[in-house]
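Trainee: Protein chains in written order, with UniProt numbering: chain A, 1 to 555; chain B, 1 to 555.
Watch out, some of these pointers could steer you wrong.
One copy or two, it doesn't matter: identical chains are merged, so the pair holds either way.
As a list, the in silico SDA-like pairs of lysine to any residue whose alpha-carbon atoms are at most 25 Å apart [unchecked claim]: (1) Lys381 with Pro226; (2) Lys510 with Arg267; (3) Lys46 with Ser489; (4) Lys550 with Tyr297; (5) Lys550 with Asp526; (6) Lys142 with Asn212; (7) Lys550 with Asp460; (8) Lys550 with Leu296; (9) Lys510 with Asp269; (10) Lys439 with Glu544; (11) Lys550 with Asp298; (12) Lys510 with Gly268; (13) Lys322 with Ile198; (14) Lys322 with Pro70; (15) Lys477 with Val157; (16) Lys119 with His485; (17) Lys477 with Asp279; (18) Lys474 with Glu539; (19) Lys322 with Asp398; (20) Lys46 with Gly218; (21) Lys322 with Ala374; (22) Lys439 with Asp473; (23) Lys439 with Pro226.
Rather than coming from a laboratory, the hints here were simulated on the basis of the structure. Computed from a prediction, not measured in an experiment: that's the story for all the values here.
Number of protein chains: 2
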Amino acid sequence: MIRSLLAASVAASVAASVAFVASPAFADTLVYNVDGVTIDEAGEVKRFTQLVFDDDGFITHVLERGEDRPEGIEFAMDGEGQVMMPGLIDAHVHVMDIGFAALTLDLSDTNNLEEALAKVAEFAEANQGRPWIIGRGWNQEKWGLGRFPTAAELDAVVSDRPVWLERADNHANWANSIAMERAGITADTQSPDGGRIIRDENGNPTGIFIDNAIPLVGDSVPAPRPEDRDAAFAMAQQRLLANGITAVADMGTPVVDWMTFRRSADRGDLRIRIMSYADSPEVMELIGGPGPTPWLYDDKLRLNGIKLYVDGALGSRGATLKEPYHDEPTTRGIAITSPAQLRNRMSRAAMDDFQTAIHAIGDAANADVLSAIAELSETYKGDRRWRIEHAQIVDPADLPRFGEHGTIASMQPLHQTSDMFMAEARLGEDRLGGAYAWKSIINVGGRIAFGSDAPVEPADVFAGIAVAISRTDKNGKPFGGWRAHEAVSREQALAAFTSDAAYAGFAEGKFGRLVPGERADFIFVDRDPMLASPSDIRETEVREVYLAGKRVFAR
Amino acid sequence: MIRSLLAASVAASVAASVAFVASPAFADTLVYNVDGVTIDEAGEVKRFTQLVFDDDGFITHVLERGEDRPEGIEFAMDGEGQVMMPGLIDAHVHVMDIGFAALTLDLSDTNNLEEALAKVAEFAEANQGRPWIIGRGWNQEKWGLGRFPTAAELDAVVSDRPVWLERADNHANWANSIAMERAGITADTQSPDGGRIIRDENGNPTGIFIDNAIPLVGDSVPAPRPEDRDAAFAMAQQRLLANGITAVADMGTPVVDWMTFRRSADRGDLRIRIMSYADSPEVMELIGGPGPTPWLYDDKLRLNGIKLYVDGALGSRGATLKEPYHDEPTTRGIAITSPAQLRNRMSRAAMDDFQTAIHAIGDAANADVLSAIAELSETYKGDRRWRIEHAQIVDPADLPRFGEHGTIASMQPLHQTSDMFMAEARLGEDRLGGAYAWKSIINVGGRIAFGSDAPVEPADVFAGIAVAISRTDKNGKPFGGWRAHEAVSREQALAAFTSDAAYAGFAEGKFGRLVPGERADFIFVDRDPMLASPSDIRETEVREVYLAGKRVFAR
Chain A
1 MIRSLLAASV AASVAASVAF VASPAFADTL VYNVDGVTID EAGEVKRFTQ
51 LVFDDDGFIT HVLERGEDRP EGIEFAMDGE GQVMMPGLID AHVHVMDIGF
101 AALTLDLSDT NNLEEALAKV AEFAEANQGR PWIIGRGWNQ EKWGLGRFPT
151 AAELDAVVSD RPVWLERADN HANWANSIAM ERAGITADTQ SPDGGRIIRD
201 ENGNPTGIFI DNAIPLVGDS VPAPRPEDRD AAFAMAQQRL LANGITAVAD
251 MGTPVVDWMT FRRSADRGDL RIRIMSYADS PEVMELIGGP GPTPWLYDDK
301 LRLNGIKLYV DGALGSRGAT LKEPYHDEPT TRGIAITSPA QLRNRMSRAA
351 MDDFQTAIHA IGDAANADVL SAIAELSETY KGDRRWRIEH AQIVDPADLP
401 RFGEHGTIAS MQPLHQTSDM FMAEARLGED RLGGAYAWKS IINVGGRIAF
451 GSDAPVEPAD VFAGIAVAIS RTDKNGKPFG GWRAHEAVSR EQALAAFTSD
501 AAYAGFAEGK FGRLVPGERA DFIFVDRDPM LASPSDIRET EVREVYLAGK
551 RVFAR
Chain B
1 MIRSLLAASV AASVAASVAF VASPAFADTL VYNVDGVTID EAGEVKRFTQ
51 LVFDDDGFIT HVLERGEDRP EGIEFAMDGE GQVMMPGLID AHVHVMDIGF
101 AALTLDLSDT NNLEEALAKV AEFAEANQGR PWIIGRGWNQ EKWGLGRFPT
151 AAELDAVVSD RPVWLERADN HANWANSIAM ERAGITADTQ SPDGGRIIRD
201 ENGNPTGIFI DNAIPLVGDS VPAPRPEDRD AAFAMAQQRL LANGITAVAD
251 MGTPVVDWMT FRRSADRGDL RIRIMSYADS PEVMELIGGP GPTPWLYDDK
301 LRLNGIKLYV DGALGSRGAT LKEPYHDEPT TRGIAITSPA QLRNRMSRAA
351 MDDFQTAIHA IGDAANADVL SAIAELSETY KGDRRWRIEH AQIVDPADLP
401 RFGEHGTIAS MQPLHQTSDM FMAEARLGED RLGGAYAWKS IINVGGRIAF
451 GSDAPVEPAD VFAGIAVAIS RTDKNGKPFG GWRAHEAVSR EQALAAFTSD
501 AAYAGFAEGK FGRLVPGERA DFIFVDRDPM LASPSDIRET EVREVYLAGK
551 RVFAR
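This is chain A alone, in the form it adopts within the complex (with noise of 0.2 Å):
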């Protein structure tokens, strides 16, 4: 895509007879021959050929086929027919993760527990230098293991470095012998309120640390160095943009994230739009001080509030039910935070105005959150919007609460066949009436914001968006979808990755959509996907990504 000779050269004239004002200033930029579609103000879907923005990178002008193009053009850039979208934004990633896991041993892929020990030793091998050996994305429910991995299994493949390995939803990690010795892990170390060492028949550890346990091995891993970390946000910045996306909500930035954000956008190297979650109250404090920082370096950086959790995860039976687990029914998972606790951190954080994203997995997880929500709204009034993160297992009788109080539901539509079959395993046929229930969510008047939740699945907003519309997987599957009414429309779901995640970010009016006033936040893809098949949909290539009128990405 290059700026039009002829824009270039008027742009030039213009200058000329003007001395002293430098050339890019007040010059407006028009993009034309564009197949573009966008969420409009009024929320529908609209269509447009043309698009003009200043050179502050705001949008000035939508203009549909034929509509007369504004005075003041400088330059001109042919579309050249492209499908033109908004940035997409993810509306739950943990951006940190997405580098450092692009930058270290990835077991996403590996279709069982051999494929996963050869990959292991393999990166042991290739990176002799590392005194630790760290990975993560493995999965036994995936592999049809039937049961967790153990320590002597890695040690069979790696013996002379400790070896620690996140499992695909964050929520349990697996460690090899010496990982365990040098955090000093025996049968006498006791599980964490919260966490559980997973022990054989001897009481001994198996290697496998769920939830509030996973520090115990977690601490003794030495930290990234500064320049690690820059590196991580650089990959994570890249990778996103690779993937269409310009904004995400960063959930649960730890301080030493926000300072690496910083960093780079000191440096001018910020390239996408971070709204962030503190994962702390002190975090929170630390950073906003008495309350949300200001919109940063040109809209691209913000603190909206905390991430609080009340649950774990259902792969790992850390999600709170309100009945025992369907496969494990002596547990009803684990609760991480009281519900008096969970009420006091979003009064601490709601008192100062900041925002609250509280992830909640489990039935009984959302039901006490909603409540929670309900009882801080006759405290704290005005425009709040309460966030859930997940809000995966609702019970039905809980779901048109989910209309009240603004309550956005933060949900991520690969999770739905990522977890399909497990989510039948834990809880039974009878129980998934309120599952991955974006349809009867949006029905109850409830706004819903979508994302990846990446590193834990890909930043693929593109397969969000086939999953989001038919309820199958990659291969088609379930055939006809997973309790398929609980599918959106098209527009629904580019507004849960466009407009509505803007939203649920405080950020209507700065970006998300294509509309005068907004950022010149676009990408060029190959496809439409108002109009292609769901696998086709899958298969979208995003061919340039503009942020503020900027290209910072291209294929």
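With the hints as your guide, set chain B onto chain A.
Mentor: Using the frame of chain A, we list chain B on its own:
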């Protein structure tokens, strides 16, 4: 001071002729009719009568009487014959403490214990809502008390709440009984390494905590809220600007202070320039990552490096001496950092190009730091600008070493007059050969930066200049000056509070001098410190302060 009507009408007509150009763009401003003085590019004093700066606040011309004005002037400002100086730079302050001190009980002007106790009682009465009475500035030496004050004396005036009062030098604190009770201090509490709890003949704590013992109580003081920090920072900026100070080195910045600076800057409220030195290796790395930050916010904030400590202060006998204290022969002071720790921390900083600023007061401390600098310089080449903060008592045999390895002595003239009699007591007459030896350090080729150590001393540069050139206090005592051969010239004093203070923070070429290419940071004062008597210099009134050509203070 108003922009002249003539210039304004010129600007208006220019703006009208190129209507689409916002009028402030590319508008040079002339300030004429000034009695200007600065250090110039050659390090010499330069006089000028006119100064031109551009719209970005950079100086473009500095003109002497009769020199031709450049083309393109759009605004003109009549200096009304006032004395114009560069914005002053205080090379050693504790920014947030200046603000908190201004908002808390100040005992620095009390002349005896009774006055102090009366002031404590009055403050407690006036601040019923405060859960702790926090104050500072007491000095039992100045009171002629001959001993430390006691908790019992405080209890007699405030018995309902904790009272916690910092000594003028920061190296000792005074508690009442409730404060000690809250902190769990008893006769059994041990003095920590590098600290001391003063006890009576029965071993009971008397209420005085020295150096590393201070946190035993201090950690129980409720932390200020973010709003309190923001208010304190606003107050600190106001106090500094009112004194003509446009830039400071902040010595020992904790991360919470750094975040406060950034919050202020992000709101557009940062009105001074801060060269920051982190208070720990962890904070240095958290903020700077792999190296010093860039200059942020148009050269208003930068993390330069780290503040380290090797000893305490003279007043509390924490400064480390080569021979025992003259007035307490059982001690040579308290080393806060071992020689090995010092070198490790300096190395940790230097390897990532962070600057080190090392607190050293006693002659043993200074000797150790000078040795460490020599050793580190073998590995870390280049322009390191190792700073020694205070450098108060130097063995004359060590003085020549200040001329080596680009060492910078960051010294505080007001300490000399505050400490002179105490120093005589602590050291005896014979060991003062290298005491506050500004001139000797310059004479061996060392570089001096001057500061105040505010709020330990007032951030009063004019008082500092008066002392620097006279070695006498505000009463003109001692007659002829204390060790008067160490007085510096007016030119040297001006440089140490402007251009050399900038150099000490890697800011030369950015601010500190009124020369083309630097920022137009200047002040108008009511007299010429290059001509006035020391007692007159102390009365200098700062009338207006400009930062990058924008007025940020007016009386």
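Trainee: Going through the numbered hints above, which ones does this structure break? Give me the numbers in ascending order.
Mentor: Failing hints, ascending: 10, 14, 15, 16, 17, 20 and 23.
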